[in-house]
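**Student:** Full structure from sequences and hints, please.
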Amino acid sequence: MATQTVHHTAMTLSDHLPILQILIPFIAAPLIVFIGQRKLAWPIAFIASATSFVIACLLLSKVIGGGIISYQIGGWAPPLGIEYRVDAANAFVLFLVTGIATLVLPYARQSVGSEMPHKTQTLFYALFLLCMTGLLGVTITADAFNVFVFLEISSLSTYVLIAQGSYRDRRALTAAFNYLIMGTIGATFFVIGLGFLYMATGTLNMADLADKLTGQYESRTVQAGFAFILVGMGLKVAIFPLHFWLPNAYTYAPSAVTTFLAATATKVAIYVLLRFVFSVFQPAFLARKSKFK
Amino acid sequence: MHFFTSEFFFGHINYWLFIVLMMTGLYIVIGKGNLVKKIVGLNIFQTSVFMFYISMGKISGGTAPIFPLDGKYDPEIAYSNPLPHVLILTAIVVGIATTSLGLALIIRIREEYHSIEEEEITVIEDTVFRSEHLVVASQGEPL
Amino acid sequence: MALFSMLAVTALSVVRTRSLFAIVALSGVFSLLSALLFITWDAVDVAFTEAAVGAGISTVLMLGTLALTSRAEKISHKSKTIPLLAVVLTGAAMFYGTLDMPNFGSADTPVQTHVGPDYLTRIPEDIHVPNAVTAILASYRGYDTLGETAVVFSAGIGVLMLISGLRRRRRDEDTEEDTSDTGGDNLMRHHLILRVITKLLVGTIFLFALYVQFHGDYSPGGGFQAGVIMAVGFIIYGIVFSLDKVKLVFPPWLVHKLVAFGVLLYAGTGVYSMLMGYGYLDYTAIDPHHPSHGQHLGILIVEAGVGITVTGVMVAVYYAFASRTPVLSDEEW
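Protein chains in written order, with our numbering: chain A, -13 to 279; chain B, 7 to 149; chain C, 4 to 336.
Derived by calculation from the structure, the hints in this document are not laboratory data.
Positions of the beta carbon are idealized from the N, C-alpha and C atoms, including for glycine.
The reader is advised that the hints may include incorrect statements.
To be verified - Where chain C lies over chain B, by a calculated footprint (3+ residues, C-beta under 8 Å): (1) 21 to 33; (2) 55 to 66; (3) 94 to 100; (4) 103 to 113; (5) 122 to 133.
Said to hold, decoys possible - Facing chain A, from chain C, some residues (calculated, C-beta under 10 Å): (6) T101; (7) G161; (8) M164; (9) T201; (10) K260; (11) V266.
Said to hold, decoys possible - Think about it this way: if two alpha-carbon atoms lie no more than 25 Å apart in a straight line, the pair counts; the simulated DSS-like pairs of lysine-lysine are: (12) K25(A) <-> K260(C); (13) K248(C) <-> K202(C); (14) K25(A) <-> K105(A); (15) K202(C) <-> K250(C); (16) K248(C) <-> K260(C); (17) K48(A) <-> K198(A); (18) K260(C) <-> K105(A); (19) K105(A) <-> K250(C); (20) K250(C) <-> K260(C).
**Tutor:** Set out below in structure tokens:
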């Protein structure tokens, strides 16, 4: 095999901001587990979330004027590879999530200290960071299947975080279990819907999806796919009438977790929903629907 | 209407069978009260969705997307689309992760409630809830 | 079609059966049957994983759960109409969606013409890896796989947080559990044949796991499957000898470190490529002059990361389940 000349301009730190946004809390989580020191867990978590808040501010300042930053992971251009895409809307959600996480953590330190046994505290911070990573990943990605993967990172950690309330009230366990069942059904519905759209388009990148879907709005496969994505995300966010599991989950979870989740998780899911409704499906799809009725 | 041709029927019967399997799984999840059974139902539901995905990638007369060792792509050979395979590999892993977490929760629930039946647990929770409120109402202090 | 009817019969029996033990066995059967279906549809990697996960690990975990909970489902008085209605509605919506789907197996669908063939034509040039599934999994969509590793990681530490070794500190009134014997681990002491065969088998399992791990780019397999098989090796050893023995071989602290290390190795590969001035997880950075070499090496490294984390998590979950005292004594089985 001949040596290939590779044309390559080195990327700078500021080019990497979109991925660093996710990466810092993402790497901090296994780091906490790897180090395994309870005393270091909180500082690492706090530094990670504060840094990622700073990155979110930088990103927001870059795109606030209407710009779009696209980042190709693995160096593969979409739709072959996975793309991260920051625009003013999701930069704001990123700003919100990282900001709230940074605010909640100092408060969590006390409440976790009093509500949980020492042994699980280290892991608690790792899971907290993973939950945050999942939420950020869902917000920033431009790949529909990547949404599912990061959604599950945040969901799985959420189930456990809620169950940690069981040291105060055992009902946290059943609340977490119900959430696990509903959340998994929701995620599976989302995957079904995605499968339908993939069937009609052959692609998973959101921009490409939007492109390929134009002109296919009459297809029943696309309509059913849209409905399944809507219901699936609806179950996850607990939009009326799919909300019945939510009150318990938030009542019995540890207070720090409730604060964080109530302020972020639902907003992220609504953002994803809006993104599918208005960006992947153009408004023309809904207009057509109302005519149909 | 092309819906009534036998070609359409045999080209779609697969999908319909998956729907039957998926719905059986979903029914077990929401219709049954035993927590372990719910998890099994969830597995059946998800596995059927996986089958649906894999069937999308299949090409008639195609073969597994593994190239010969010399690594050459021969356009003459029809390979089934590998992308759904990749997605489903990821989904299977997510599935087992959820399953193990669900089972761990069941173990904890069993320890706290001595039951893994949804109805019994609801009864216990309701009784506890009511007694807490009764105590608060009558004596002015919780348990 | 025969497979289908078997799948349907299995699923329906799960609805009817009350014995949880039978249900778990049926769920394993369902997984194996679906694995066969995957093979007939050319998804060999998926079949491999489904067999290892559905019929292997998840059956083991479910049996473990049964030992800690109960054996039979009680008769439910739950209303059946609402669930049935929901299920029929969902099914109808999906049926509606299938009406505009292309026929099964046709070659001119968007799925077969848009992105899929691009992978097939580009992989031999870009990556030089015979197994297209591995190439996409670890490189083109390597970031998804990193996310998947993180899901396994969070599930692992989640299980640890929920049921780590800490024995239950429950109220005093409950004494029924504490009387059950803890000797379950040693019950296999008298089965000489089992012990000898296990000793032979465990080595073979580990070898096979390593083969699957490092041969994943040529044939079906890869980090995840290898990790599961590796973990099964430890679990078999633990079941036949004892939990304490296997904990001597593979101590829990090491398991925890490895769980985190696998994720760090994977994510770290990406950080390395960033430091070299390339995009995150761009394996070209590993060998800039031979991009396809770099790709190949990168795939090996991240697959190793996946394998390590999956082994660690599965073993950790097994430890967590096995160190709880069963509420069912062995006679009850």
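**Student:** Each of the hints needs a verdict: does it hold here or not?
**Tutor:** Verification of the supplied hints:
no., hint, in the structure
1, 21 to 33, "holds (count 12)"
2, 55 to 66, "holds (count 9)"
3, 94 to 100, "holds (count 6)"
4, 103 to 113, "holds (count 10)"
5, 122 to 133, "holds (count 5)"
6, T101, "7 Å, holds"
7, G161, "4 Å, holds"
8, M164, "5 Å, holds"
9, T201, "31 Å, violated"
10, K260, "6 Å, holds"
11, V266, "4 Å, holds"
12, K25(A) <-> K260(C), "17 Å, holds"
13, K248(C) <-> K202(C), "13 Å, holds"
14, K25(A) <-> K105(A), "12 Å, holds"
15, K202(C) <-> K250(C), "16 Å, holds"
16, K248(C) <-> K260(C), "19 Å, holds"
17, K48(A) <-> K198(A), "29 Å, violated"
18, K260(C) <-> K105(A), "16 Å, holds"
19, K105(A) <-> K250(C), "20 Å, holds"
20, K250(C) <-> K260(C), "14 Å, holds"
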